[in-house]
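Trainee: Sequence:
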Amino acid sequence: MSNQKASEAGDPVVTLYHQWNDARATWERLAAAPGNEDFDAPESKAAEAEETAAFDAMIKTPPTSLAGVAVLASALWEMEGPTGAPGSEEYQKQAETLSCQLILAIWRAASGENGLPPNG
Numbered sequence: 001m002s003n004q005k006a007s008e009a010g011d012p013v014v015t016l017y018h019q020w021n022d023a024r025a026t027w028e029r030l031a032a033a034p035g036n037e038d039f040d041a042p043e044s045k046a047a048e049a050e051e052t053a054a055f056d057a058m059i060k061t062p063p064t065s066l067a068g069v070a071v072l073a074s075a076l077w078e079m080e081g082p083t084g085a086p087g088s089e090e091y092q093k094q095a096e097t098l099s100c101q102l103i104l105a106i107w108r109a110a111s112g113e114n115g116l117p118p119n120g
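Numbering-wise, the numbering used here puts 15 at position 15 of the sequence shown, and it's gapless, one number per residue.
Calculated directly from the structure, the hints in this document are not laboratory data. Just so we're clear, the structure is a prediction, and the values are computed from it rather than from any experiment. Every residue gets a Cβ at the ideal spot worked out from N, C-alpha and C, and that includes glycine. One should not assume that every hint holds.
[To be verified] Straight-line distance between alpha carbons at most 25 Å, and here's what the computed SDA-like set of lysine to any residue pairs gives:
id, residue 1, residue 2
1, LYS45, LYS93
2, LYS93, ILE106
3, LYS45, ALA33
4, LYS45, HIS18
5, LYS45, ALA25
6, LYS45, PRO34
[Unchecked claim] Cβ-Cβ distance ranges computed for the label pairs, FRET-style:
id, residue 1, residue 2, range
7, SER99, ASP40, 27 to 37 Å
8, THR97, LYS45, 33 to 43 Å
9, PRO42, GLN101, 36 to 46 Å
10, ALA109, ALA46, 31 to 41 Å
11, ASN114, ALA41, 38 to 48 Å
12, THR64, PRO118, 13 to 23 Å
13, THR97, ILE59, 18 to 28 Å
14, ASN114, GLY84, 14 to 24 Å
15, GLY10, ASN36, 34 to 44 Å
16, GLY10, GLY112, 10 to 20 Å
Generate the whole structure from the sequences, applying the supplied hints.
Mentor: Right, dumping it as structure tokens:
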């Protein structure tokens, strides 16, 4: 493993980002369960608490690698990026706003990737 990859693997922000996404996925799965229309099942409440705790820790922890910066930009893209369906005219229009272009510039610089941040 290269030094860069080693530092990315140890970045606490990357770990917290994955915990946040896992908790979000769990909550979404539970939210769709029959009988949980009010999202008040104990499992849903626990997933919500895990999501909140991971998110709060993620935004309060300084990244220690470019991967950490990239996942923070990914999180911001998920929260503040386009809301239209990917590939739609509305999505493209929203993705061209100044704030979205700034998020993309940060994500691309930190990740070394082109295109859009991955979802989750």
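Trainee: Does each hint hold? Answer for all of them.
Mentor: Here's how the hints hold up against the structure:
Taking the CA atoms of LYS45 and LYS93, the gap is about 36 Å. The hint is violated against a cut of 25 Å. A hinted pair counts as satisfied when its Cα atoms are at most 25 Å apart, and LYS93 with ILE106 qualifies at roughly 19 Å. Distance restraint check for LYS45 and ALA33: the Cα-Cα separation of roughly 13 Å lies within the 25 Å cut-off, and the hinted pair is therefore satisfied. Distance restraint check for LYS45 and HIS18: the Cα-Cα separation of roughly 19 Å lies within the 25 Å cut-off, and the hinted pair is therefore satisfied.
Only pairs whose Cα atoms come within 25 Å are accepted, and LYS45 paired with ALA25 is accepted, the gap being roughly 13 Å. Taken as a hint, the LYS45 and PRO34 pair is honoured in the structure, with Cα atoms around 16 Å apart against an allowance of 25 Å. For SER99 and ASP40, the Cβ-Cβ distance of about 34 Å falls inside the hinted range of 27 to 37 Å, so the restraint holds. Under the hint 33 to 43 Å, the C-beta atoms of THR97 and LYS45, about 35 Å apart, fit the expected range.
One distance hint, 36 to 46 Å for the beta-carbon pair PRO42 and GLN101, holds here, with the actual separation near 42 Å. Separated by about 36 Å at the C-beta atoms, ALA109 and ALA46 satisfy the suggested range of 31 to 41 Å. Separated by about 41 Å at the C-beta atoms, ASN114 and ALA41 satisfy the suggested range of 38 to 48 Å. The supplied range of 13 to 23 Å is met by THR64 and PRO118, whose beta-carbon atoms lie about 21 Å from each other.
At roughly 22 Å, the beta-carbon separation of THR97 and ILE59 lies within the given 18 to 28 Å, and the hint holds. Judged by the Cβ atoms, the range 14 to 24 Å given for ASN114 and GLY84 holds: they are separated by roughly 21 Å. The given range of 34 to 44 Å is respected by GLY10 and ASN36, whose C-beta atoms sit roughly 37 Å from each other. A hinted range of 10 to 20 Å holds for the C-beta pair GLY10 and GLY112, which are about 18 Å apart.
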